[in-house]
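Sequence order for the protein chains is D and S. Quick note: the first sequence, position 375, residue 375 per the numbering used here, numbers continuous. Quick note: the second sequence, position 418, residue 418 per the numbering used here, numbers continuous.
It should be emphasised that the hints constitute simulated quantities derived from the structure, not laboratory data. Among the hints, erroneous ones may be present.
[Said to hold, decoys possible] In the SDA-like style, the derived pairs of lysine to any residue whose C-alpha atoms are separated by at most 20 Å in a straight line are:
id: 1; chain 1: S; residue 1: Lys401; chain 2: S; residue 2: His481
id: 2; chain 1: D; residue 1: Lys374; chain 2: S; residue 2: Tyr593
id: 3; chain 1: S; residue 1: Lys41; chain 2: D; residue 2: Pro376
Since we're looking at a predicted model, the values are computed, not measured.
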Amino acid sequence: MTNIMNINWLQFADLVSPLGIPLVAGFLMLLITPFLKRHRRFSFFISLASCFIALWLGLKNWAQAQETVIGFLLFDKISFFFVILFLLAAILVLLLAYHYLETMGINRPEFYALILFCVFGMGCMAAGSDLMVIFLGLEIMSVSLYVLAGFHRTNPFSIEASLKYFLVGAFASAFLLLGIAFIYGASGTTDLVLLHQNAAALATGDARLYLMLGLGLLGVGLGFKVAAVPFHFWAPDVYEGSPLVVTAWMATAVKAAGFAVILRAVWALFQWEPTLFNKIIWMAAVLTMTVGNISALLQRNMKRMLAYSSIAHAGYALIPFVAFHEQSNSVVASVGFYLLAYILMTIGAFAVLITLTKEKEEVLISDLSGLGYKKPFLGFAMTLFLISLAGIPPTIGFFGKYFLFIQAIQTGYIWLAIIGVINSVISVYYYLGPVVAMYFGGLSPEGTVPSVDQKGAAPFCSPRAVLAVIWIAFLSVALLGLFPSNLLDFIQISASSWLVALN
Amino acid sequence: MLDFIYKIISPQTVAWLIVAFPLAGATINGMRSLVASRFGKETSHSLTSFIGCGFPILSFVFTLVTFLLLIGFPAGQEPTMITGPLFQWVLDKTLVVDIGLKFDQLSLVMGLIVTGVGSLIHLYSMGYMGHDEGYTRYFSYLNLFLFFMLLLVLADNLVLLFVGWEGVGLCSYLLIGFWFEDPEKAAAGKKAFVVNRIGDAGFLLGIFLIYTTLAANNLPISEHGFKFFNFEVIQHYRAYLLPYATPICLLLFLGACGKSAQIPLYVWLPDAMAGPTPVSALIHAATMVTAGIYMIARLNFLYVLSPTAMTVVAWVGALTAIFAATIAVTQNDIKKVLAYSTISQLGYMFLGLGVGAFSASIFHLMTHAFFKALLFLGAGSVIHAMSGDNDIRNYGGLKEKMPITCWTFVMGAAAIAGIAPLSGFFSKDEILWHTFHSGHTGLWLIGFIGAGLTAFYMFRLVGLTFFGEPQMSSTKWMKVHESPPSMSSVLLILGFLSVVGGWIGIPEAFGGGNHLHHWLEGVFGKVVVHEEMEVSHAPEIILGVVSVLWALHFAILASVIYAQRKEWPEKIAGRFHFVYELLLNKYWIDELYDFVIVRPLLFISRNILWGVVDEKWIDKYAVMGTGQMVLFWNRCVTRLQTGIVQQYLFFFVIGVILMVWRYAF
Numbered sequence: 001m002t003n004i005m006n007i008n009w010l011q012f013a014d015l016v017s018p019l020g021i022p023l024v025a026g027f028l029m030l031l032i033t034p035f036l037k038r039h040r041r042f043s044f045f046i047s048l049a050s051c052f053i054a055l056w057l058g059l060k061n062w063a064q065a066q067e068t069v070i071g072f073l074l075f076d077k078i079s080f081f082f083v084i085l086f087l088l089a090a091i092l093v094l095l096l097a098y099h100y101l102e103t104m105g106i107n108r109p110e111f112y113a114l115i116l117f118c119v120f121g122m123g124c125m126a127a128g129s130d131l132m133v134i135f136l137g138l139e140i141m142s143v144s145l146y147v148l149a150g151f152h153r154t155n156p157f158s159i160e161a162s163l164k165y166f167l168v169g170a171f172a173s174a175f176l177l178l179g180i181a182f183i184y185g186a187s188g189t190t191d192l193v194l195l196h197q198n199a200a201a202l203a204t205g206d207a208r209l210y211l212m213l214g215l216g217l218l219g220v221g222l223g224f225k226v227a228a229v230p231f232h233f234w235a236p237d238v239y240e241g242s243p244l245v246v247t248a249w250m251a252t253a254v255k256a257a258g259f260a261v262i263l264r265a266v267w268a269l270f271q272w273e274p275t276l277f278n279k280i281i282w283m284a285a286v287l288t289m290t291v292g293n294i295s296a297l298l299q300r301n302m303k304r305m306l307a308y309s310s311i312a313h314a315g316y317a318l319i320p321f322v323a324f325h326e327q328s329n330s331v332v333a334s335v336g337f338y339l340l341a342y343i344l345m346t347i348g349a350f351a352v353l354i355t356l357t358k359e360k361e362e363v364l365i366s367d368l369s370g371l372g373y374k375k376p377f378l379g380f381a382m383t384l385f386l387i388s389l390a391g392i393p394p395t396i397g398f399f400g401k402y403f404l405f406i407q408a409i410q411t412g413y414i415w416l417a418i419i420g421v422i423n424s425v426i427s428v429y430y431y432l433g434p435v436v437a438m439y440f441g442g443l444s445p446e447g448t449v450p451s452v453d454q455k456g457a458a459p460f461c462s463p464r465a466v467l468a469v470i471w472i473a474f475l476s477v478a479l480l481g482l483f484p485s486n487l488l489d490f491i492q493i494s495a496s497s498w499l500v501a502l503n
Numbered sequence: 001m002l003d004f005i006y007k008i009i010s011p012q013t014v015a016w017l018i019v020a021f022p023l024a025g026a027t028i029n030g031m032r033s034l035v036a037s038r039f040g041k042e043t044s045h046s047l048t049s050f051i052g053c054g055f056p057i058l059s060f061v062f063t064l065v066t067f068l069l070l071i072g073f074p075a076g077q078e079p080t081m082i083t084g085p086l087f088q089w090v091l092d093k094t095l096v097v098d099i100g101l102k103f104d105q106l107s108l109v110m111g112l113i114v115t116g117v118g119s120l121i122h123l124y125s126m127g128y129m130g131h132d133e134g135y136t137r138y139f140s141y142l143n144l145f146l147f148f149m150l151l152l153v154l155a156d157n158l159v160l161l162f163v164g165w166e167g168v169g170l171c172s173y174l175l176i177g178f179w180f181e182d183p184e185k186a187a188a189g190k191k192a193f194v195v196n197r198i199g200d201a202g203f204l205l206g207i208f209l210i211y212t213t214l215a216a217n218n219l220p221i222s223e224h225g226f227k228f229f230n231f232e233v234i235q236h237y238r239a240y241l242l243p244y245a246t247p248i249c250l251l252l253f254l255g256a257c258g259k260s261a262q263i264p265l266y267v268w269l270p271d272a273m274a275g276p277t278p279v280s281a282l283i284h285a286a287t288m289v290t291a292g293i294y295m296i297a298r299l300n301f302l303y304v305l306s307p308t309a310m311t312v313v314a315w316v317g318a319l320t321a322i323f324a325a326t327i328a329v330t331q332n333d334i335k336k337v338l339a340y341s342t343i344s345q346l347g348y349m350f351l352g353l354g355v356g357a358f359s360a361s362i363f364h365l366m367t368h369a370f371f372k373a374l375l376f377l378g379a380g381s382v383i384h385a386m387s388g389d390n391d392i393r394n395y396g397g398l399k400e401k402m403p404i405t406c407w408t409f410v411m412g413a414a415a416i417a418g419i420a421p422l423s424g425f426f427s428k429d430e431i432l433w434h435t436f437h438s439g440h441t442g443l444w445l446i447g448f449i450g451a452g453l454t455a456f457y458m459f460r461l462v463g464l465t466f467f468g469e470p471q472m473s474s475t476k477w478m479k480v481h482e483s484p485p486s487m488s489s490v491l492l493i494l495g496f497l498s499v500v501g502g503w504i505g506i507p508e509a510f511g512g513g514n515h516l517h518h519w520l521e522g523v524f525g526k527v528v529v530h531e532e533m534e535v536s537h538a539p540e541i542i543l544g545v546v547s548v549l550w551a552l553h554f555a556i557l558a559s560v561i562y563a564q565r566k567e568w569p570e571k572i573a574g575r576f577h578f579v580y581e582l583l584l585n586k587y588w589i590d591e592l593y594d595f596v597i598v599r600p601l602l603f604i605s606r607n608i609l610w611g612v613v614d615e616k617w618i619d620k621y622a623v624m625g626t627g628q629m630v631l632f633w634n635r636c637v638t639r640l641q642t643g644i645v646q647q648y649l650f651f652f653v654i655g656v657i658l659m660v661w662r663y664a665f
């Protein structure tokens, strides 16, 4: 254990700044805003600014990152990659939030602070080199999320979502902690690097049983975080009840944080028994994507549909883990790429939904009808996001899935890839439903297009911040779908430096 | 800073502007057209013309600059240039495509033709399309076409060439069906697209075969870097393609047949005349249809590996040449005559390629671009004056009303007929001479007869249109007028080019320098097939004189008959009734295709594939069955989603037990 006096605090402050700045900004915000008149604007801008600064620092640190471990935090390129990812998602969600919260009448500074705390917790999860730090990060994130889910206090569904999430989440956390305890008991350490290096020695003898027990329980806790089947039941209810921006946040960044931890855990712990692990992953991936896709088929509520879709996407993202033992490098890269793709297209879709909400929480597919004519750009962008979610080229979603499935194929799990592809085909059905509504719905019986200029009854409002998010997502989904190689290189560099240095 | 600018302004980067300009024009005009139609406003014609014509002209200027730059290279240095890759398209580490342009002798000639003739036709369109509602849309399509065509001829790899290839096909489709309100015209566009698709399938297979053959040969990676589509790489490793040269070349030739309207895929071109006439001039005569010839000339190093493929190319070309010429003799639609004449001339070019006279083919391609564009634009001028009437039987005596159109048209007709010293004579004669000289007497004879027919049908057209008595009502006669200067000046320029364009390739036998031939040697090699060519010029001169007389006599015959003795052809048609009907109905090829291919296909797809296989099996069991099954599972899964937390936790615990059990025991 590092002596607290031996830490190079300057270096630590420099490295931890991408995480620390949002945290500090969150605290400051809570302290100052009660004394300000225009506290909503203030907190919005402060949170955004802190995220941008942190993003810049994160990129800078990414470029210089060595594999340094200071105070239980592991600062390497992949940590910073994930931090960048979280900050990116945070920026997009914050841009969406202001307008949305105004419309709902719940625009309060606490929201922004909680998002920032969330980012800090996620950063700890991604960068933690010790199971305890990871657990702490996870709890910081989760507690913020419980509050965020119930942020719409006057809406009973929001309260219900919050409570459900809390109950199930506490349940899962208990298992996670129990798992960590077992692992500690068996090996005497919670340090990931040590666990990784002593894998062979620990996997024999009497300790083995406890260790395995610990692994199983740890797997349960992590599976809950990414809503893998059968720990997924909370997800649709919570996603549906929470305010839309919170759902966007939970479906994207929170899921990415879960996968960041899974990557670390798989690397450090789960490679002791690769065949057993692969069997379990196989089952989990197939169940998760199939259940997610099949449940989404008949959803009329866009939010609930996207919730199930996010379950299915977690299933896709689990696929490459079967190849982790053989080609960990490209597996990490493919998961990273997919998470980025998923964040962009999902936030884009949520952004379009936000332009449609008016004081009412739920958006039905029928609400989208005629959008392609009334707002051509919004309709086109939504179509692109949905096509990308379905994995049709030339979008980023296609390449994301391609890189995932190719891992399974290269290591001989052909059937897993085939099931994945079949699932993608099933998913096309419900992704195209809204597209059909947008372009073929809302027509008069003669099939003529409704006239464009209904100024008085325009039900759509698209403020600049939301439009900006849509544009950002739209351009990245389209352009990165055409030219994925640079981005892939970026992620591959992140992945290989970590795995090469510490293996 | 200056250093940076200097780095940017290198010939390699500026060369990209050649393709970028038309794209910019297409984008700007396309956006304007879209915005205008959305808000129901009119676009400004003058701005559209400025953008639509300005960018192609700029592109032409830059091509010219590049050309001058490259011929300015010191002696002994090849006038070629390759722009660095704009970017690299990598999907996989074993498939790399550098997106780059290649400027060499061949692509420069093509580039100059495309941008030069293209710019002229853009200018002409200002007058011709002036009253059309879709003016902006028209220019946007035309610029887009120019962009893709330049991409096609300047590409330095097969993939980029294919992008251009498909792009020009798309623009052709859009422009044939430009007046899409008319179902017949829309159908013509569709036909062109579908027939081209058949050829493209062959072309794609050919490209794939090249790739797989090269990739299978374990070549040193450091040398080729997996850029198997790059022309230079293919040329360097062509020896490895030898075992598959014949299938590769034939598959590529199928693509060329589709794009360049050769037997059996020529049927779309006559129908393509449904588009606006300047489009027919630019796309369906001067440039796009020559893409197949360009492609084979570009891959000449592959074709010389396969004598079989060369023979096929030559025979298909010769047969098409005479076949289309016979049809042209009886057609009554001015544009149809010109369309069949285009098919026939393209046949000559393929004949030249097939006997190894690559540079002669490119020479004919160039002169053909001049005089065929001229003829089409002249025809457009006539149609414009006759307010949309295409039937030559209703013309007559237009010489007095439209002298510029008339005399430039006669120039063009004389050039295509091969009357010395106009451009068509030198180029066509070079092809025929190479054919004769390389020992293909049968092919030569076909080509020779075809040349006579060419002179005949062209002067039939001239005689019926411009000479003789007017065949229209007097009120209509009063309305006929010469075209505005924006159109007639273009005719004059093209007329000038049709006359002198051939002089850069006068063979040594006639005392010329044969400059084009020497210029293209860098691409096609110094001596193509035969070495004893320089020994004696006598046979070449004799053949040349014979073919001039041959063409001249048909030209005079036709113009006299159709201007003054109109009853003769009717009598002949009466006597040889069957032959006349056969030719008039274009050998019933369209009907044959309809009967042999289209109808059985429709029958099978409607009654068997759709009626039985699809409806009864696939729909009923596979599609509906899958749907039912998925819905069943959907019900099962959603049944579990009760909303009661206790139940969720129950399933959770089951999951935990399963997980721990699997892991620990």
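- Query: Checked against the structure, which of the hints given earlier come out wrong?
  - Reply: Checked against the structure, the only hint that fails is number 2, while the rest are satisfied.
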